[in-house]
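K.L.:
Quick mapping for you: the protein sequence lines, in order, are chains C and L. As numbered in our numbering, residues 1 to 248 make up the first sequence, in order. As numbered in our numbering, residues 1001 to 1664 make up the second sequence, in order.
Be a bit skeptical, because a hint or two may be false.
Stated by the list, open to error - Here are some of the chain L residues that sit facing chain C, going by a computed Cβ distance under 10 Å:
id	residue
1	E1016
2	F1651
3	A1655
What the hints assert, rightly or not - Simulated restraints on C-beta separations:
id	chain 1	residue 1	chain 2	residue 2	range
4	L	E1061	C	A173	27 to 33 Å
5	C	A204	L	D1200	38 to 44 Å
6	L	L1015	C	I168	24 to 30 Å
7	C	D236	L	Q1159	37 to 43 Å
8	L	G1021	C	R215	16 to 22 Å
Claimed, not checked - Not close to chain L: a few residues of chain C, all C-beta gaps over 10 Å, as computed:
id	residue
9	T41
10	Q69
11	L76
12	K100
13	N101
14	D125
15	K180
16	I201
Hints are computed from structural coordinates only; laboratory data are not their basis. Virtual Cβ for every residue (Gly too), placed ideally from N, Cα, C.
These are the residues of each chain, in order.
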Amino acid sequence: MSADQFNMPANVEKRHFATTRWSIVLAAGGVGRNGCRTALTQLCEIYWYPLYAYVRSSAGVREAQDLTQSFFAHLLEKRTIGKADHDRGRFRDFLLASLKNFLANERQKACAQKRGGKSVRLSLDFAAGESRYQIEPSHALTAENLYERRWVLTLLDQVLERLRLELIQSGNAEHFGQLKGALIGETTAEEYARAAAVLDITPAAAKQAAYRMRRRFRQLFRQCVAQTLADESDVDDEISRLLEVLAG
Amino acid sequence: MSQSPCCPKCGAPLLEDAPAGLCPKCLVQAGFESDKPPRPEPAATAPSPASSRFTPPEVEELAKRFPLLEILELLGKGGMGAVYKARQPGLDRLVAIKILPAEIGHDPAFAERFAREARALARLNHPNIVAIYDFGQTDGLYFFVMEYVDGVNLRQAMQAGRVMPQSALAIVPQICDALQFAHDEGIVHRDIKPENILIDKRGRVKIADFGLAKLLGLDQADHALTQTRQVMGTLRYMAPEQMEGSHEVDHRADIYSLGVVFYELLTGELPIGRFAPPSKKVEIDVRLDEVVLRALEKEPEQRYQHASELKAGVDHVSATPAGTRGPAPAGRKSDLPPSAPDARLSRCALAGAIWASYFFVALAVAAGILYWANNSDRVRIATAPAHTVQIPNAGGSSMFGGLIAYEAVAPIRLAVPITPIALMALLQQSISWGGLLIIAAAVPGLIGLAAPFGTTILGFSAIHHIRCSAGKLYGLPLAVFDALLFPLLLLDVLLLAAGCGLAYAAWMTFVYAFSMGRDQQQVLAILFLLFFVGASGALAIWLDWRIARAVWRNATGLIPAPKPAAAAIFPAAPRPIEPPGGLGKEGPEHHPLDARESRRSVGPTSAAAGDSAGGAAPRRTADRPLLAPDARLSRCALAGVIWASYFFAAFVVAAAVAALLYHH
Chain C
1 MSADQFNMPA NVEKRHFATT RWSIVLAAGG VGRNGCRTAL TQLCEIYWYP
51 LYAYVRSSAG VREAQDLTQS FFAHLLEKRT IGKADHDRGR FRDFLLASLK
101 NFLANERQKA CAQKRGGKSV RLSLDFAAGE SRYQIEPSHA LTAENLYERR
151 WVLTLLDQVL ERLRLELIQS GNAEHFGQLK GALIGETTAE EYARAAAVLD
201 ITPAAAKQAA YRMRRRFRQL FRQCVAQTLA DESDVDDEIS RLLEVLAG
Chain L
1001 MSQSPCCPKC GAPLLEDAPA GLCPKCLVQA GFESDKPPRP EPAATAPSPA
1051 SSRFTPPEVE ELAKRFPLLE ILELLGKGGM GAVYKARQPG LDRLVAIKIL
1101 PAEIGHDPAF AERFAREARA LARLNHPNIV AIYDFGQTDG LYFFVMEYVD
1151 GVNLRQAMQA GRVMPQSALA IVPQICDALQ FAHDEGIVHR DIKPENILID
1201 KRGRVKIADF GLAKLLGLDQ ADHALTQTRQ VMGTLRYMAP EQMEGSHEVD
1251 HRADIYSLGV VFYELLTGEL PIGRFAPPSK KVEIDVRLDE VVLRALEKEP
1301 EQRYQHASEL KAGVDHVSAT PAGTRGPAPA GRKSDLPPSA PDARLSRCAL
1351 AGAIWASYFF VALAVAAGIL YWANNSDRVR IATAPAHTVQ IPNAGGSSMF
1401 GGLIAYEAVA PIRLAVPITP IALMALLQQS ISWGGLLIIA AAVPGLIGLA
1451 APFGTTILGF SAIHHIRCSA GKLYGLPLAV FDALLFPLLL LDVLLLAAGC
1501 GLAYAAWMTF VYAFSMGRDQ QQVLAILFLL FFVGASGALA IWLDWRIARA
1551 VWRNATGLIP APKPAAAAIF PAAPRPIEPP GGLGKEGPEH HPLDARESRR
1601 SVGPTSAAAG DSAGGAAPRR TADRPLLAPD ARLSRCALAG VIWASYFFAA
1651 FVVAAAVAAL LYHH
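Next up, chain C with everything else stripped away, as it sits in the complex (with noise of 0.2 Å):
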């Protein structure tokens, strides 16, 4: 069940929290009714980067955004995921894996023109892509290793900033700001000290926030993962995976 839709004041920016699931998809068995279609859109622009980054090491800016836009039209126009995928589990390794398809595909059509999906076109901020892509440090691993670390990044960040929209809602704006740090937990009663000072509040509500947030934090990385899977018991899987890629 998916419980991350709470009320957005309508100032705020509207970005689809909603129940985008992989298993909605797989389910449909593709992409053929309109409500599941919403959710691969929805899952498609979140977790584009990873994808321009893995053709951008191969490609050039243009090119790299030629093919990331035409590849997500060839991927929702195609009509049905076929249940012989056998990355159907995971919604990144599918998406690697029908990049990957498709690279080949196009190299061998040599055509770059092809721009595929008159009715679908995904809004990616492409300029701030490649800023970013220009800006990653340089690692020594191969471009599979990349796409996961940048896969988990865009998901941390992605947890991030919803739960910063959140505290902003909630009336607890500057809470994100000075309590971010115990969000991995080692913060020193100092900290907390420091942290209730500029919040106008006492140390012991600070580390109530804390908490909170700590907690708040951790469901929603939970949900965030499980949108991504077909097989929602297969979280705990997923995050050690994903632990592995970050530790390589």
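Chain C is fixed; fit chain L onto it per the hints.
P.N.:
Below, chain L alone, put in the same frame as chain C:
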């Protein structure tokens, strides 16, 4: 925050693309681990209503919209709108006005739904339902005018600590009345919770906000969550089928919600996860456990099907004074477990009774035949060697012996193979009416040895099933009769035979000790016979009475509260502890292994097994229950086996002695 390039926790270097400047690895780790709160959190589970998206209009503002009413004050606000106290000057009575959130009006289809719903609610004219006087909309603001209840809601009463378990027994039946009335009108509340249950100053219960949940789209979990956060509390009272968003939600969802409220009233806690039955948390009658747990069944089919049934269950517990331990005294009508309105007669008990009656009919017929045969052979018997002793009932005993032989030989070929198979079929499956017909038709072949065994086993089985069926089966007296008929008969026969034997032995002793005339011998014989047979007869009757009473007590006894060890038995079941089936001949002392005697007995859930309630979809839990670590062997079973072995040993010894005597 400092610009240190290393993570304070794991020491890894923080890179430029770190999310929000935090170490990604530690973040993922944090998302993985389970939380330990720094210290017990103060009761701040309800999110602060500071951000309720619905600000109700002020009293003055509202008064402008309702010129015909005198708006007095704001009574409260929640996710479903705001309620004001008002007065109708013309009728000089107090009313309550409920204003629905303004966003509701944006939906164009809403107006029609609203009108339809309001008309349906207006039909609910019941002392336990808050009446609707009027409804409508002014300037896009939808409102209801309702009965004003001068009191508090159940949540407030619980928080003030004024609700004792006894009060729960007074409140719940009234709620059941209201629900049954509404369900009969085809209206489901869908949002039963303490906040919607009002209690006025005279102690009368009134249910509010009927049907509003559906109207506002808050009756399903996924919709509810897209609305205000304050609705979150409702989720705890929502039936499982409502949570799943299934469209099969019907009036039984209300019964589930009532079950949650009932549990909370009794124990002060919500039944979440693996929860203990109420009697284990509070000092209340153990029979209430069944009522509450049955209302809380996850499958709608397993719950009470009507609110009136729940009320009947509660009333029964309130009416009978039995406490939490000890069986009820035998013989009173109230001993019998309450039966649901749709209960049916236990087919096992019925089958046993039919079988037994066939046996006796056959006995009578055979007796008649033999008597006729005997009469025609009287001359032959009379000329038999005179070692036959002149015991007045010689004809009777030889007749009886002949009867046994007659009975046994002829149908034995049929009886022996069929009987075990038939019994197994009967006991393991739900015996259908077809099966019953087969018994009736095939019984002539089964009469012989089979009836005493068949009837007895069926009788005990029926007792067990009736006890486990939680009211779905009745016929306990018949089942007990079946179970005891042949064993007690056998006991009586044996005792009478022993009496005869003793009479004979005493008579022989006297006759050889003193010399008497023929007439005196006859008189003596009669005297001894009367004495010994009379004594053994009296003994037989007394034993019958004691045994019957003991078995009856056990069959109708209160199910005693199980010991804590029993909690380990059904980890997979929706509730942790099962009321035991089984006869529990050990009386009030109950232990986990008795559950083995009651196969698949998980209280109402066992209705799916054996002699079940109308062949509902069988929900088989494990065939054999898992054992608690400290389970022990049933003493009844052990005693029975030891006794049987004595019997066979005695039999063997007697045979040996007889053989030795014969050789001499």
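K.L.:
Could you work out which earlier hints the structure fails to respect and list their numbers in ascending sequence?
P.N.:
Of the numbered hints given earlier, those the structure breaks are 2, 3, 15, listed in rising order.
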